[in-house]
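Counting with our numbering, you get residues 1 to 316 for the letters of the sequence shown.
Keep in mind the hints are simulated off the structure, nothing from the lab.
Check the hints yourself; a few may be wrong.
Stated by the list, open to error - Below, simulated SDA-like cross-link-like pairs (lysine to any residue); rule was C-alpha separation at most 25 Å, straight line:
no. : residue 1 : residue 2
1   : 60        : 72
2   : 209       : 144
3   : 100       : 122
What the hints assert, rightly or not - Cβ pair distances, simulated, as ranges:
no. : residue 1 : residue 2 : range
4   : 296       : 73        : 23 to 29 Å
5   : 207       : 119       : 40 to 46 Å
6   : 175       : 149       : 16 to 22 Å
7   : 260       : 76        : 35 to 41 Å
8   : 152       : 260       : 17 to 23 Å
All C-beta atoms in this analysis are idealised placements derived from N, C-alpha and C, irrespective of residue type, glycine included.
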Amino acid sequence: SRRTHHRLTLIRRMQRKFLSKALLCFLILTFYNSSDAFSTHTKSKSFRNTDEKLYKLRGKLLKQVRQTCKDYQMLEEGDHIMVAVSGGKDSATILNLLLKLQRTLPISFNITAVHVDQKQPGYDGTKLVKWLEEGLKTPFQIVEEDTYSIVVEKTSEGKGFCTLCSRLRRGILYSNAIEMNCNKIVLGHHADDCIETLFLNILHSGRMKGMPARYQSARGNIAVMRPLIHCMESDIAEYAELENFPILPCNLCSNQANLQRPQVKLLLSTLEGMNPNAKQNILHAMGSIAPSHLLDQELRVSCGMDPLTGADDGEE
């Protein structure tokens, strides 16, 4: 009948409407699930890429540090090594790497991290202490000395704070190393520091002088070492960022203008524009000296050469 036909038509419309809504819900759910899956996959891939980058960079830095330590006999059985931790990326990196070497090398030596609180305004070392205590679980000491006031008072206007600041800090480290019976001190200077110091001395002092990888202090007869001397700052900065090291800003240096070291950095950057390997080549040149082709007669004599001609004394 007409009434029955009408009812069947309504039922079919309702079924189609219901199926359309069900299909729509299904598509929406599928889209969101796939979006979550895609997002999770993207994040997972990002983490994998980060982990891979960190692994490769850590391997590169460890290889360089291990070779430097071998070349200069920096790590020996029974050593008690003080690692000076300033709160910057460089000292955090070398402490991290030395602790890894401590666990893998077939010799036994102790490491103590030492941080000097120089009483700078706004200083807060909480995150550094937490990292040392909970993150690395390594022995450490915090030494409190108000060198900030001395540096600000003694430094002439227009002069840099760094020289006096580092000298005072170095003295504090020597004193504490002697008290702690440490026979070696590790500093965080890297290849860029060495190259920049060479250029600063050439440009402003007329001296061919950079930074040694190791030297013996007159005070306490302590070996002062720079295991990062062959590591580039760019690698260290990237490693510190990937490892999320706690970095404490230096309010003393950062507030000064017209410093010479940033100008030298700019000069080196210009040289790298001419040759991407410029800094590596300069670093290599510092370990590949030809006294016969320089003007230092005393150097020639100390190398067994004739001071006038540069010929070996043994040559006829």
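Results of checking the hints against the structure:
At most 25 Å may separate the alpha-carbon atoms for a hinted pair to count; residue 60 and residue 72 meet this at roughly 19 Å. Between residue 209 and residue 144 the CA atoms are separated by roughly 32 Å; this puts the pair beyond 25 Å, and the hint is violated. As the CA atoms of residue 100 and residue 122 are separated by approximately 32 Å, the hinted pair breaks the 25 Å bound. Look at residue 296 against residue 73: about 27 Å separates their beta carbons, and that is inside 23 to 29 Å.
Checked against the hint of 40 to 46 Å, the C-beta distance between residue 207 and residue 119 comes to roughly 34 Å, which is inconsistent with it. One distance hint, 16 to 22 Å for the beta-carbon pair residue 175 and residue 149, holds here, with the actual separation near 19 Å. Between residue 260 and residue 76, the C-beta spacing of about 37 Å keeps the proposed range 35 to 41 Å intact. Checked against the hint of 17 to 23 Å, the C-beta distance between residue 152 and residue 260 comes to roughly 19 Å, which is consistent with it.
Hint compliance for this structure: hints 2, 3 and 5 are not met, and every other hint is.
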